[in-house]
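**Student:** Please build the complex by placing chains B, C, D, E and F on the supplied structure of chain A, with the hints as guidance.
Chains as they are written, first to last, in the numbering used here: chain A, 705 to 866; chain B, 705 to 866; chain C, 705 to 866; chain D, 705 to 866; chain E, 705 to 866; chain F, 705 to 866.
Keep in mind the hints are simulated off the structure, nothing from the lab. You may find that some hints are simply not true.
Intra- or inter-copy, both count: the list cannot distinguish identical chains.
List of simulated lysine to aspartate or glutamate pairs, DMTMM-like, C-alpha gap at most 20 Å [stated by the list, open to error]:
no., residue 1, residue 2
1, K809, D796
2, K748, D835
3, K836, E803
4, K724, D855
5, K852, E706
6, K809, D725
7, K809, D723
8, K809, D726
There are 6 protein chains.
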Amino acid sequence: MEFTHFNDAGRAYMVEVGDKDDSKRTAVAKGRIEMGAETVEMIKEGMVKKGDVLSVSQIAGIMGAKKTSDLIPMCHNIPLTGVDISFNLKEDGLEIRAEVKTVGKTGVEMEALTAVSITALTVYDMCKSVDKAMVIEEIALLKKTGGKSGDFIRGEGDEKDS
Amino acid sequence: MEFTHFNDAGRAYMVEVGDKDDSKRTAVAKGRIEMGAETVEMIKEGMVKKGDVLSVSQIAGIMGAKKTSDLIPMCHNIPLTGVDISFNLKEDGLEIRAEVKTVGKTGVEMEALTAVSITALTVYDMCKSVDKAMVIEEIALLKKTGGKSGDFIRGEGDEKDS
Amino acid sequence: MEFTHFNDAGRAYMVEVGDKDDSKRTAVAKGRIEMGAETVEMIKEGMVKKGDVLSVSQIAGIMGAKKTSDLIPMCHNIPLTGVDISFNLKEDGLEIRAEVKTVGKTGVEMEALTAVSITALTVYDMCKSVDKAMVIEEIALLKKTGGKSGDFIRGEGDEKDS
Amino acid sequence: MEFTHFNDAGRAYMVEVGDKDDSKRTAVAKGRIEMGAETVEMIKEGMVKKGDVLSVSQIAGIMGAKKTSDLIPMCHNIPLTGVDISFNLKEDGLEIRAEVKTVGKTGVEMEALTAVSITALTVYDMCKSVDKAMVIEEIALLKKTGGKSGDFIRGEGDEKDS
Amino acid sequence: MEFTHFNDAGRAYMVEVGDKDDSKRTAVAKGRIEMGAETVEMIKEGMVKKGDVLSVSQIAGIMGAKKTSDLIPMCHNIPLTGVDISFNLKEDGLEIRAEVKTVGKTGVEMEALTAVSITALTVYDMCKSVDKAMVIEEIALLKKTGGKSGDFIRGEGDEKDS
Amino acid sequence: MEFTHFNDAGRAYMVEVGDKDDSKRTAVAKGRIEMGAETVEMIKEGMVKKGDVLSVSQIAGIMGAKKTSDLIPMCHNIPLTGVDISFNLKEDGLEIRAEVKTVGKTGVEMEALTAVSITALTVYDMCKSVDKAMVIEEIALLKKTGGKSGDFIRGEGDEKDS
Numbered sequence: 705m706e707f708t709h710f711n712d713a714g715r716a717y718m719v720e721v722g723d724k725d726d727s728k729r730t731a732v733a734k735g736r737i738e739m740g741a742e743t744v745e746m747i748k749e750g751m752v753k754k755g756d757v758l759s760v761s762q763i764a765g766i767m768g769a770k771k772t773s774d775l776i777p778m779c780h781n782i783p784l785t786g787v788d789i790s791f792n793l794k795e796d797g798l799e800i801r802a803e804v805k806t807v808g809k810t811g812v813e814m815e816a817l818t819a820v821s822i823t824a825l826t827v828y829d830m831c832k833s834v835d836k837a838m839v840i841e842e843i844a845l846l847k848k849t850g851g852k853s854g855d856f857i858r859g860e861g862d863e864k865d866s
Numbered sequence: 705m706e707f708t709h710f711n712d713a714g715r716a717y718m719v720e721v722g723d724k725d726d727s728k729r730t731a732v733a734k735g736r737i738e739m740g741a742e743t744v745e746m747i748k749e750g751m752v753k754k755g756d757v758l759s760v761s762q763i764a765g766i767m768g769a770k771k772t773s774d775l776i777p778m779c780h781n782i783p784l785t786g787v788d789i790s791f792n793l794k795e796d797g798l799e800i801r802a803e804v805k806t807v808g809k810t811g812v813e814m815e816a817l818t819a820v821s822i823t824a825l826t827v828y829d830m831c832k833s834v835d836k837a838m839v840i841e842e843i844a845l846l847k848k849t850g851g852k853s854g855d856f857i858r859g860e861g862d863e864k865d866s
Numbered sequence: 705m706e707f708t709h710f711n712d713a714g715r716a717y718m719v720e721v722g723d724k725d726d727s728k729r730t731a732v733a734k735g736r737i738e739m740g741a742e743t744v745e746m747i748k749e750g751m752v753k754k755g756d757v758l759s760v761s762q763i764a765g766i767m768g769a770k771k772t773s774d775l776i777p778m779c780h781n782i783p784l785t786g787v788d789i790s791f792n793l794k795e796d797g798l799e800i801r802a803e804v805k806t807v808g809k810t811g812v813e814m815e816a817l818t819a820v821s822i823t824a825l826t827v828y829d830m831c832k833s834v835d836k837a838m839v840i841e842e843i844a845l846l847k848k849t850g851g852k853s854g855d856f857i858r859g860e861g862d863e864k865d866s
Numbered sequence: 705m706e707f708t709h710f711n712d713a714g715r716a717y718m719v720e721v722g723d724k725d726d727s728k729r730t731a732v733a734k735g736r737i738e739m740g741a742e743t744v745e746m747i748k749e750g751m752v753k754k755g756d757v758l759s760v761s762q763i764a765g766i767m768g769a770k771k772t773s774d775l776i777p778m779c780h781n782i783p784l785t786g787v788d789i790s791f792n793l794k795e796d797g798l799e800i801r802a803e804v805k806t807v808g809k810t811g812v813e814m815e816a817l818t819a820v821s822i823t824a825l826t827v828y829d830m831c832k833s834v835d836k837a838m839v840i841e842e843i844a845l846l847k848k849t850g851g852k853s854g855d856f857i858r859g860e861g862d863e864k865d866s
Numbered sequence: 705m706e707f708t709h710f711n712d713a714g715r716a717y718m719v720e721v722g723d724k725d726d727s728k729r730t731a732v733a734k735g736r737i738e739m740g741a742e743t744v745e746m747i748k749e750g751m752v753k754k755g756d757v758l759s760v761s762q763i764a765g766i767m768g769a770k771k772t773s774d775l776i777p778m779c780h781n782i783p784l785t786g787v788d789i790s791f792n793l794k795e796d797g798l799e800i801r802a803e804v805k806t807v808g809k810t811g812v813e814m815e816a817l818t819a820v821s822i823t824a825l826t827v828y829d830m831c832k833s834v835d836k837a838m839v840i841e842e843i844a845l846l847k848k849t850g851g852k853s854g855d856f857i858r859g860e861g862d863e864k865d866s
Numbered sequence: 705m706e707f708t709h710f711n712d713a714g715r716a717y718m719v720e721v722g723d724k725d726d727s728k729r730t731a732v733a734k735g736r737i738e739m740g741a742e743t744v745e746m747i748k749e750g751m752v753k754k755g756d757v758l759s760v761s762q763i764a765g766i767m768g769a770k771k772t773s774d775l776i777p778m779c780h781n782i783p784l785t786g787v788d789i790s791f792n793l794k795e796d797g798l799e800i801r802a803e804v805k806t807v808g809k810t811g812v813e814m815e816a817l818t819a820v821s822i823t824a825l826t827v828y829d830m831c832k833s834v835d836k837a838m839v840i841e842e843i844a845l846l847k848k849t850g851g852k853s854g855d856f857i858r859g860e861g862d863e864k865d866s
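Excised from the complex, chain A in its bound form:
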């Protein structure tokens, strides 16, 4: 195995994918923000209001997915066919899950991971006036399908400290 993002001269480059076929590709990523129980409660209360923390964060995550190739230097710019972000509010934090799809020549792992990261950062921003000690945890790829390199499904052994 070797890093694919370096050319013969040893320099980073955007690897050529022009010979790959277009295929349907999906990637699912997750992440979590640990926060105080009081912060969780405030988010819950806000969900019955017009502009809640999670709405803002989820929109930021979707927009972030579309900016992935602008943020990650060696990432290909590709049209995404769909992005969906969902939440699971727990007692001590918030779980974030992003699913990204495309029909193209490269996978969308980075788009899913970026969507989760920007969503989490926005939750932090929206709640930081009450809780600066929040921690973003376990941003990881759960699943990747499509493309000739084979599917990836995160196994139990991959889970580290949850």
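**Tutor:** The following block gives chains B, C, D, E and F in isolation, referenced to the frame of chain A:
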């Protein structure tokens, strides 16, 4: 305490900071990527080459810090006076630290956290051909100084599972 | 009928279009800026100079069309195959028309409407030193072709106050 | 009176404002979307759900305000100190109002008008599956304060067809 | 003398300028495109039309100046107070000159050089259907004033092959 | 021959390419920065360090290639399949070469030329603390293949002053 990013109608807004004085502000954030020992080894080997994983990631992180207000919906767009990203390569992963400074009316916590996040995502992108099971962990604010709301220094009690 | 941009949890998402076929699609939108007769006259005089108001505005509109998916949260990022903006200078204002084309899985209504809007905003910016009371009016979709949802042609009944 | 955005050679340029003092500046703009009563009703029903049309649109408007200088060619890039967008849902449409503030050398009229425009375009995008005949109307500057050119308050005579 | 854009660890960083005073700063850069006499003639003829090559290029250059910190990794993002681009059409090519100003903590050399570069690239794009052999030449800093590092005026000895 | 970027009204537009077939396309561009021998030496010494001038510049060039349609007004936004930038350090300067590929309806000349330009500008930025008199020279298209307009290979006669 309450969330400051919502207006009287209950909708999110970019809170007005025009009455605040310009002051020097600093924020330091950290994060970590857990990865296999083999991946760590490959990164180390690459560091003696021309375009190593960490160079690409650190540049992405600095550019990401400048894009923070474009990514986080309620974040103010402010001129940054400095951004510095450093690494600590461990046996089972990589620690990332970002320090951001400004002279302005709002803090730069989000810029420091965004710098760490984009750096970590880029490390993932550069290494994913050999290790898709990497996990981004513990993105957190370490320190914040400047502004009238007082300094924040992450205490021992704030550290959760490291 | 229902809004398509919300998922099962009731949250906004970028609707999946990966199963749609690529097809040629066109959208035409229009808009108008009401302005004083003197402002119209000044624009006309400028048209014989090197850098007239309409040139700047039309370029901004074309560039704006390319930024649509960056501006409209649930809009898909797609490669446009053509953008054309034209003007009709009347006694009391300026009519703007934008035509946008693509070969893809989603329509380009938003791109055409965004092109008109950014063009109009730039006209306002270029003329505001002489006329701050200008009003942007009647930004509307005129036509949409391609895709399986059927064509849309704006009918007489749709025209409201022109 | 003359257009200020052209240099001696008759070409557009970003006018030099370096000699102006920093001062507090405010701009308020408005706009309206005409839509069918059924569409209004659907928006209202959505407001009790998690991710309503207006939340998405208002966030897009705030982010759009921050992109103004990237969209309008001769606009200065300036740090905004606050952006607030509000809605008034009527029987036959939606009124949008945006207030933008800065402390700087140029006014924020374009930022307020851009915020209204992007908000309106996003409402159109979110509702277009049920109503393609919506029309964006009366985007106009209501008020502008700060700076040496004097305040602007939209008079009755300025109102055209509302 | 040493490169200032590297930190103690030998990695690139955005150098901290928070202790510098705000001061008025100007930078002037130039560049040239060599092209066939026929291409020059076609540009001249277009200048009497509505949307000439130079108008499009000059607008692109001004917008490019505002994107400098988004393009050049270690560049500070700063509000520009003015940008002006001028042309000198010669028998065998086009000379471009850009002047950029700010009031701030860092110079605007990169903004002026970027403005010239993007202007030149756009001229190439607009003319490439008739002349692909055009060459962009002599992009250089002519003058830099303001800041404590002293002014820079390009001397005769600096001119290389013009 | 005529300029293709103008519509019937004489205004610039993004030319419609929807009827063209998707095909593999390549473009190669080059450029050069003249600099003092001492600056060359400093770059060489930096190449053995972690974050050298060329790494930063090459990453900026790759990211710049992806931004081409955002910078050049009439350029189509297209997904790139690969970008590779290489260097040749000479006694009195640095040669830059960029190769860009796509599978699409338009060529990638502008992407290759933009990659070279942004790379060169970043080299200037990284070295300007020691050498402000550097000159960017000879940015030119070397080769273009794919598409129905035929291939372009830069001939000897096209080389002007190297």
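**Student:** Evaluate each hint against the coordinates.
**Tutor:** Here is how each hint holds up against the structure:
1. In the homo-oligomer, the alpha carbons of K809 and D796 never lie at most 20 Å apart, since the shortest distance is 40 Å inside one protomer and 32 Å across protomers.
2. In this assembly of identical chains, K748 and D835 lie within 20 Å of each other by CA distance solely inside one copy; the values are 15 Å within and 33 Å between copies.
3. In the homo-oligomer, the alpha carbons of K836 and E803 lie at most 20 Å apart only across protomers (16 Å), although the nearest pairing inside one protomer, at 28 Å, exceeds that limit.
4. Only within a single protomer do K724 and D855 lie at most 20 Å apart by alpha-carbon distance; the minimum there is 16 Å, versus 23 Å between protomers.
5. Only within a single protomer do K852 and E706 lie at most 20 Å apart by alpha-carbon distance; the minimum there is 17 Å, versus 38 Å between protomers.
6. Proximity of K809 to D725 under the C-alpha cut-off of 20 Å is found in both arrangements, the shortest distances being 6 Å within a copy and 17 Å between copies.
7. Both within a single protomer and between protomers do K809 and D723 lie at most 20 Å apart by alpha-carbon distance, with minima of 8 Å and 16 Å respectively.
8. Taking the shortest alpha-carbon separations for K809 and D726, both the intra-copy value of 5 Å and the inter-copy value of 14 Å come in at or below 20 Å.
Of the numbered hints listed earlier, the single one contradicted by the structure is hint 1.
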